[in-house]
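Keeping the supplied structure of chain A fixed, place chain B upon it in accordance with the hints.
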Amino acid sequence: MIFRSPALPARICDYCQATVKRIADGVELAGEVAVLPFDVSPIQIGTRGEYGGKPFDVIGRIRLGYDQGAWNDWLCLFSDMTHGWLSESDGQFQMVIERPIAETNSDLIQHLAQGGDAAIGDRTIIDGSEFTVSDMRSAKCIAAEGELPFAPSTGWDVFNVDMRDEQGFSANFEREEGEDSGFYVGRYVTLAELKPHNLRAIHGWKMPDYAA
Amino acid sequence: MPPEPPPEDDRPNPWGNAAETQTAGPTAKRTVVPSESDSAPAAEQFNCPNCGGSIEIKAAGLSVSIACEYCGSTLDVTNPDVSIIQRYEGEVRKLELPLGSRGMLRGTEWEVIGYQRRSENGRYPWDEYLLFNPYAGYRFLDTDGRGWSFGEQLTASPDKQSLVGFTLNGEFFQPFYAQTRAQVDYVLGEFYWRVAVGEEVLTADFVRPGKMLSWEHSGNETVWSLSELLEPNEITDAFGIPPAKGGGLPLPHQPSPHRKKAGQFMKLALAVAFALIVITSLFGGTSDPQTAQINLSTNGVEQSAKVGPIILDRARQAVTVSARAPGIENSWIDLTYSLTNRDTGEVFEANNVVDAYSGRDAEGNWSEGSRYSSSKFSMIPSGTYELNVYAAGSRWTEGQYGSSSNAQLEVTIEKGATFYSNLFLALLFVFVPAIWQWWKHLSFESRRRSDSDFTGDDDD
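First to last, the protein sequences are chains A and B. Just add 16 to the spot in the first sequence (first one is 1) and you have our numbering. Just add 1040 to the spot in the second sequence (first one is 1) and you have our numbering.
Next up, chain B with everything else stripped away, as it sits in the complex:
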C-alpha cells in the first residue's frame, strides 16, 4: 500500500525555499561540525527540537528523516530548519549495533546510521540496520537472530525466468517467500527516505545458497536488493558483537553445511571405487588353464574326471574352477569338485551346477538357468594339486524326468580368481559414508525449504 502522504500543513516544501517552509512547532538550526583535519567536514549537528538531545547527521545532503536517538521522535531534515514530524516520548531501545558504530565489512568501513525493526504484522520480526560510507553509499545489515545478511539496493532489475525464479548476473534464484506485507514497527537514526512506524510494503524473496534477492513494492516504487549471508565471524570481526545465536530452522539462503562434505565424500568414494575396480582387474584374473572334457548322459549317473596336476607356488592363492555345458537343454548337471593336495592329502571341496530350461506359457517363450558356472577357492596353500570332478546330469521336461540324452561338459581349472563379491562389499563400504553425508545434506535442505511458501518445488 502506498504510504499515507503527510497532512497538507506538515508537508515540507522543497529545499531552498525556507521562508515558506515554517511549520508549526519548534524547529532546530543545524550547523556543520568543523573538521579536525584538512579534509571536508563529515557531519552536521543540531539539537532535537523535541528533547534537546544533540544529534549528528552523518549522511548530510542525503538523509531525509531522522528518528531521534534520545526521545525517538521522527524529524524532518530536508529543510535547513529541522522540524518534528511525530513526537515520541517512550523509552528508546538499546540496539545490538548502536548508532555510530563503525566496522570493516568486505573491505569497506561502514557506519551504522539507522535502525528499523520490521515484521509481518508483528510476526517473524527482524532487525534492519542502515550502513553508510560517503564513498560507497548505503548497505543494509539484517538479522532475525539466526545470522546476519549484508545487502545492497540494485540498480538493475533481475530477469524473470520461466522457472518462476529470477536470474541476476547469471545466477538463478528460487522463489522462497511469496508476496506478503511487511511493516515498520520501530525506527531510530537517519534514513534517505521518509521513515514512519506502521508503514507497509509488499515483499517477496528469492534465494540461492548464500544469497537472497528481495523485492519490495510500495505505492508505485519497486526496489530490488541483493543480500549475502555473512559468516558468523564476519559480524564479530567487524563490530565486535557475538555472532547470531542461530537455532531453529536454517535461514532461507543458508548454504547446506553438508553439501561440500557430501560432494567430497562422493568424489573420494568414486575415486576409491575406481581404484578398487582397477586393482581387482589388474591383480584378479586367472592363468595356466587346464581343461578336461567329460561326456555324460542326463540319466542321473555320476561321471568323474581328473584335471591337473596344477602347481601352486605362492604361499596362499586362489583357484577358479569353471564348468561349461553349451549343449544342454532342459537339463541340469550337479557338479562336485574336490581339489586334493598330492603331497599332504588335504582336500578342498565345492559344489556347483550348470542348468538350462526353456518352455512356453501364457506369457510366451521363457528360458532360465545358466550353461556356465564358476567356483572360486580362496587361500589355497602352495603345493601340487589335482582336481576330481564328479558330474551327474539329469533331464526334466513337462514336469517329469525326461529321457536321457548326451551332454558335453568342459571343466577348466585355473590359478587365481576375480572375487566380484568382495569388490561389491568393498564398494558398499566405501559408499556408505558418502551416502550418509548426502542424506544429511538433503535433510538440511528439506528443513531449510520447510519454511518456504514454495516447498513443492524440489528443483535445485
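Looking at chain A on its own, in the form it has when it is part of the complex:
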C-alpha cells in the first residue's frame, strides 16, 4: 500500500476496503468502509488538474448522503503538498481549501464551531465579502476511497453548512463525530477551467475536448 501524501494519515485499501491509519512506527487497521455505490462522476482517483496556478492530483474521495441526495468530496493533493477538496454536487463543482477556524472573524463560523446552530439565509462576512447560508444538512458517510486526512467509517455523521456569496465564492462548515470542526473557503469552478486530464471515460459519452 502506497501513501501518496506524507501528511495524510489514512488510506482505504483498494482491494478489501479496510481503512489503514498511519501511526508512529507503521500502520494500524482503523475499520472498514462500504464499497462505493456506482455513480457517473467524471472524476476518479488519478484525475489531474490545475487550480490557482497549482497542479493537483485527485487522491481520495468521501461520499456523503442525506435524504435529498448525495455528493462527492474529492481530495486534491497540490504540488506543494497542501490539499483541497473538489466538491461535486448536482453536477456542479466547487474547490474549497481548509482554513483554521481560529483565524476567521466570522461570528457565524465561531458560533457553529462552538456547537451552535444556523439557519438558511443567515449572513456572515468572510474575507470582506457577504456570504449567505444557502443550504445545511445532516449527512452520513456512505463510502470512501483512496487517501484521506482522517480515517472515515461508514455511517459516520457529518453536519454540513453551505455558504455562498454573489460572485460564485463558496464556504463550507463541517462538524463531525469525534473530529474537530472544519471550515473551508473556495469557489465554484467548471470542469473545463481545472484543465483536467485523466478524467474517467464513461461509455457512450465523448471525452470533452479540454480533457482529451
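Honestly, the hints are just simulated from the structure, not real lab data. As the structure is a computational prediction, the values presented were derived from the model and not from experiment. Incorrect hints may have been included.
The calculated lysine-lysine pairs, modelled on DSBU-like cross-linking and capped at a C-alpha distance of 35 Å, are [stated by the list, open to error]: (1) B:K1285 with A:K222; (2) B:K1455 with B:K1416; (3) B:K1307 with B:K1416; (4) B:K1251 with B:K1301; (5) B:K1251 with B:K1134; (6) B:K1069 with A:K37; (7) B:K1200 with A:K211; (8) B:K1307 with B:K1480; (9) A:K211 with B:K1251; (10) A:K222 with B:K1251; (11) B:K1069 with A:K156; (12) B:K1300 with B:K1251; (13) A:K222 with A:K156; (14) A:K222 with B:K1069; (15) B:K1480 with B:K1301; (16) B:K1251 with B:K1480; (17) B:K1200 with B:K1251; (18) B:K1069 with B:K1134; (19) B:K1134 with A:K222; (20) B:K1307 with B:K1285.
Below, chain B without anything else, positioned relative to chain A:
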C-alpha cells in the same frame, strides 16, 4: 411554499444504512449496466417496483427520484433498493422530446433524462426538459410552444440594481414577470431533486434580448437560472424535431427581429444624408456674382434696373438672384425679376419680396420679415442673359401707409444655386424606410412587453 415533507415512515434514510431503510411495499434491486468498451459503465438498471418496466438511471449517483416512463409512478432512488413514493396507473404521456433522446446543443451532447409540465395554477403551461451530460452536468430546455430556451442553474447570484432589475456579468436584465406561483403538473424521468406533482415554487423573471434570468424560491432554497432563447433551427439540428410553431405574442426575451434592420436602415439613411449634404454643398454654391444698386423711395413707385449681361455656358444650369435692403424699416419692396436671353428673347420670370416690420404690443417689442430674399431659377439653357429688376417699395406704420423714405436695394445675380428644398425632400425620402423599420421595431417591443407585469417601464 415549502414542499410537504414526506410522511415519517416513507422518509428515506441516508444512503449506506440500507438495513434500516426498508419501507413497506415492493422494492427493486439495481444493477450496473456493463460497459461495452474499456470505459466506465454509464448507467444502472432496475425494474420498476410498480409495473416491472425496465428503467435505466442515466445520472447514477446524482438522481434522487424517478417518475417511471411506463407507469408514471414516482420512485425513490437514493437507496440501493428502489422504492415507490407514489403509485400512478394513468396513461403515460408521449413527449415531444422522448426520454433518452440525445442532441448536440451549443457544442455539447446532451441526453434528455427528465420532463416536467409546469404551469401557474393550470394557466400558461410550459414544458421543461432536464438534460444531462456526465462531464457538463445539467441543463434545462423550456418551451411554451413559441420557442425553445436553453437554461443553466447559476452558482453566483445576480446583483440587484437600483433600476429594479438585476445585472449578471455586466448585462442588465429588466423585470418582466413579477413574483408568482408555479406548480408541477406532471413528471416523467429522473431528477436530482425530489419531484412531486403539485409541488409549488415562487418564480420571477427578468429579461434582456435573447436571455431570461429566472428566480425560483421554495422553502428556504433560492435558485437562479439563466436561459438563452435558441434559434428555431438549433432545436431541429439537435433533436430532429420541427421548430416551435410560434404565434401569439413574442416571447418575453425574444429579440426584436426588426431591431437590426432598423439600425442598419438608420445608419444607411444617415450615411446617404451626409453624402447628400456634402454633394449639395460641393456642387451647389454660386459663382460670378454681378450686383446692381437701386435707390428707391417707399412710395409705391416702381423703379427698374438692369444687371448683366451674364453668360451661361452649360446646357442647363441654375441662376440665383438675391436682394438685400439693409436699411428698410416698416417697409416692403415687391420685386419682379425677368431674366431674358439676349439671343432668343426667351424670358424667365420670378417674384419675391424683402420686408421688415417692428413695433411694440402687450407682449413687448416684436419684429418680423426679412431684409434679404433669394430666388432660384433652375434649368436655364445656355446663352447670354440680362436681368431686369422691377422694384416697388411701400411703407406701413400704425396700420396705414406711411410717408415715404429712401431705401437702398442691392440685387445680385450669380451662376448656380443651392436647392435646400430639394435636399430636404431627398432627406425625407431617405429617412422614410428607416423610420418605418423603427416603427416596426417599436411596435414589436410594445407587443412583447404587453405580457409583462411591468409594462409601465419603457426604459431600454
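Okay, the hints, checked on the actual structure:
1. Simply put, K1285 (chain B) and K222 (chain A) have alpha-carbon atoms about 32 Å apart, close enough for the 35 Å limit, and the pair holds.
2. Pair hint K1455 (chain B) plus K1416 (chain B) holds up; C-alpha atoms about 10 Å apart against a cutoff of 35 Å.
3. The straight-line distance between the Cα atoms of K1307 (chain B) and K1416 (chain B) is roughly 32 Å, inside the 35 Å bound, and the hint therefore holds.
4. With a CA separation close to 20 Å, the supplied pair K1251 (chain B) and K1301 (chain B) stays within the 35 Å bound.
5. The hinted pair formed by K1251 (chain B) and K1134 (chain B) meets the criterion: a straight-line CA distance of about 29 Å does not exceed 35 Å.
6. For a cut-off of 35 Å, the pair hint linking K1069 (chain B) to K37 (chain A) stands: about 34 Å separates their Cα positions.
7. For the hint pairing K1200 (chain B) with K211 (chain A), the CA-to-CA distance comes to about 33 Å; that is within 35 Å, so the pair holds.
8. As the CA atoms of K1307 (chain B) and K1480 (chain B) are separated by approximately 16 Å, the hinted pair is consistent with the 35 Å bound.
9. With a CA separation close to 28 Å, the supplied pair K211 (chain A) and K1251 (chain B) stays within the 35 Å bound.
10. Distance hint between K222 (chain A) and K1251 (chain B) is fulfilled; the C-alpha atoms sit about 28 Å from each other, no more than 35 Å.
11. Proposed proximity of K1069 (chain B) and K156 (chain A) is supported: the alpha carbons are some 22 Å apart, at most 35 Å.
12. A distance of roughly 17 Å separates the Cα atoms of K1300 (chain B) and K1251 (chain B); the hinted pair therefore holds under the 35 Å criterion.
13. For the hint linking K222 (chain A) to K156 (chain A), the alpha-carbon distance of about 33 Å falls within 35 Å, and the restraint holds.
14. For the given pair, K222 (chain A) sits about 29 Å from K1069 (chain B) by alpha-carbon distance, which is consistent with the 35 Å threshold.
15. Pair hint K1480 (chain B) plus K1301 (chain B) holds up; C-alpha atoms about 10 Å apart against a cutoff of 35 Å.
16. Note on K1251 (chain B) and K1480 (chain B): the hinted pairing holds, with a Cα-Cα distance of about 21 Å set against a maximum of 35 Å.
17. Simply put, K1200 (chain B) and K1251 (chain B) have alpha-carbon atoms about 17 Å apart, close enough for the 35 Å limit, and the pair holds.
18. Using a Cα cut-off of 35 Å, the hinted pair K1069 (chain B) and K1134 (chain B) holds, with the two alpha carbons roughly 27 Å apart.
19. A hinted pair counts as satisfied when its Cα atoms are at most 35 Å apart, and K1134 (chain B) with K222 (chain A) qualifies at roughly 29 Å.
20. This hinted pair checks out: K1307 (chain B) and K1285 (chain B) have alpha carbons roughly 33 Å apart, not beyond 35 Å.
Every hint from the earlier list agrees with this structure, and none is contradicted.
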